[in-house]
Amino acid sequence: MKTQRFNIALLTLGLAASLAGAALLDPGLLFLLTEVMVILLLAQMWNLLAGFGGQVSLGQQAFVGLGGYLLYFAANATALPIWVWLALVPLVVGLIAIPLGLVVFHLKHAYFAVGMWVVAEILTGLFMRFDWLGGPSGIILRPGGQSMTSNPERPIFFIASFGFVAVLVGLRLFLKSNIGLALLGMRDNPEAAAASGVDVRRIHLLVFCISAVGSAAGGALYYITTLYISPSDAFQMNWLVTMMFVSIIGGLGTLTGPILGTLLFVVIREAMNSAGFSGGTYWIVMGGLAVAVLLLAPRGLWPAFTQFLNARRQKAQQ
Amino acid sequence: MSFRDPMVPLLVTFGIAVILRNLLVETVGADLRGLDVGGIAQRSFQIGQMTFGALPLLTLGVAIAVFIGLSLLIHRTGFGREVRALSDRPDVAALMGVRLKWVHIKVAALAAGFAALAGVLLAMRASVSPFSGISYLLGGLGSTRGAFGAGVLLGVILVVSSRLDSNAGLLYVHLAFFAILVLRAISGRLA
Numbered sequence: 481m482k483t484q485r486f487n488i489a490l491l492t493l494g495l496a497a498s499l500a501g502a503a504l505l506d507p508g509l510l511f512l513l514t515e516v517m518v519i520l521l522l523a524q525m526w527n528l529l530a531g532f533g534g535q536v537s538l539g540q541q542a543f544v545g546l547g548g549y550l551l552y553f554a555a556n557a558t559a560l561p562i563w564v565w566l567a568l569v570p571l572v573v574g575l576i577a578i579p580l581g582l583v584v585f586h587l588k589h590a591y592f593a594v595g596m597w598v599v600a601e602i603l604t605g606l607f608m609r610f611d612w613l614g615g616p617s618g619i620i621l622r623p624g625g626q627s628m629t630s631n632p633e634r635p636i637f638f639i640a641s642f643g644f645v646a647v648l649v650g651l652r653l654f655l656k657s658n659i660g661l662a663l664l665g666m667r668d669n670p671e672a673a674a675a676s677g678v679d680v681r682r683i684h685l686l687v688f689c690i691s692a693v694g695s696a697a698g699g700a701l702y703y704i705t706t707l708y709i710s711p712s713d714a715f716q717m718n719w720l721v722t723m724m725f726v727s728i729i730g731g732l733g734t735l736t737g738p739i740l741g742t743l744l745f746v747v748i749r750e751a752m753n754s755a756g757f758s759g760g761t762y763w764i765v766m767g768g769l770a771v772a773v774l775l776l777a778p779r780g781l782w783p784a785f786t787q788f789l790n791a792r793r794q795k796a797q798q
Numbered sequence: 164m165s166f167r168d169p170m171v172p173l174l175v176t177f178g179i180a181v182i183l184r185n186l187l188v189e190t191v192g193a194d195l196r197g198l199d200v201g202g203i204a205q206r207s208f209q210i211g212q213m214t215f216g217a218l219p220l221l222t223l224g225v226a227i228a229v230f231i232g233l234s235l236l237i238h239r240t241g242f243g244r245e246v247r248a249l250s251d252r253p254d255v256a257a258l259m260g261v262r263l264k265w266v267h268i269k270v271a272a273l274a275a276g277f278a279a280l281a282g283v284l285l286a287m288r289a290s291v292s293p294f295s296g297i298s299y300l301l302g303g304l305g306s307t308r309g310a311f312g313a314g315v316l317l318g319v320i321l322v323v324s325s326r327l328d329s330n331a332g333l334l335y336v337h338l339a340f341f342a343i344l345v346l347r348a349i350s351g352r353l354a
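Residue numbers (the numbering used here), protein chains in the order written: chain A, 481 to 798; chain B, 164 to 354.
None of these hints come from the bench; they were simulated from the model.
Every residue, glycine too, gets a C-beta built ideally from N, C-alpha and C.
Hints are supplied without guarantee of correctness; some may be wrong.
Claimed, not checked - Covered stretches of chain A (in silico footprint by chain B; criterion: 3 or more residues with CB under 8 angstroms from a CB of chain B, positions within the stretch not fixed):
hint, segment
1, 484–490
2, 584–597
3, 719–733
4, 774–786
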């Protein structure tokens, strides 16, 4: 009952904040906030697969790129409104993920991680060669053959922001459901879970597909705002590095962790940008932070923080 | 470096790779560059009808020597026995007095050294940038015994595919690698 009320409050608050933000904020800030929402979504999807599912993938940028490219292709080739495609494209990528998942789940642990990375490399190579998608130089977003007339940042921000809140509530419900509990059981002890009648492969595949859908939605949302897409950008390693660092720093296997990680990620980036540091220096700092967190508090900052609070509370009670 | 979660070392390595790459970009720049090795880069031998470059032969020789040396190290020495024991049953190896942490550190150092050697050989015959390297990691993964064969196979695929289709890049190498990886996994030869 309490969690249900919390979920409804979260949704209402998210809806109000998204509407207010989309109506009131200036376009520059909305652009940044949309990117924040996309990073939040991508990180949460990587976290679902790696933190809750125990499947570390180094190829999630494949789904980001696929989402962006499919949206561009579908919107440019047809007269349907781009919003229809924005809703459909992630589902199509989710369908593509099913056969892919059936193949890559033959690989375990590090092999799965490297296998997914090779999949992303293969897709990059293929899209470089697709001349009808502009090849290495990429394509411009021209829905229905026309160039975009109005700036879409307000509706895009609303969709990204409210979409993320909805995904968050959806994940809360999912993790409380029987499948979610089975997922956690599988992560902690796959043999015991399988012995208790959990269909490990099916649930892994489900989580893999959800993660693909979310990543594709993130890619589609992000590349609507850029109006231009190219293979070396859409399939770039930085998508993966961002998802990973954000989840690891904040706390793998918690829903709050990636949110904390994204906040740190964006705040440090903007602070370093305005202080005049280069992008390379920023990645060095983030890499250092991620490695330090992995070595000192492998579960991430948020779990370490709650643990610290609990310890203090217990001490105070004694 | 003993963690509850075997994924932590992978993620740490990945983080270090991101740091190193950006450190290189910041300090020496992102340009392609090669190593100047003097006249040997142009020298070649004539054997029968065929011409062999001195540098490629030297590279091949070094690679074969390293493989033989590594194979002897792993299969013929006490240290190699510790490494094999550790990869099979770390818990039992620890009970027999193998210091897991030390062996891990030595293996990591060896692996990094060989990767660096490959980097030097690569820089001698082609150009490198802070962004190269990633794709060359493929050959060795899978098994120790088949690593040499896998490396040769992927190299041959690279040469043949770039001859047939000049802007293929590493696409066919990646496809072949992925196919081999999945086939090995399906046939149960990938632990």
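Hint by hint, here is what the structure shows:
1. 484–490: violated (count 0)
2. 584–597: Since 10 is at least three, the answer is holds.
3. 719–733: holds (count 4)
4. 774–786: Since 3 is at least three, the answer is holds.
The structure fails to meet hint 1 from the earlier list, while all remaining hints are met.
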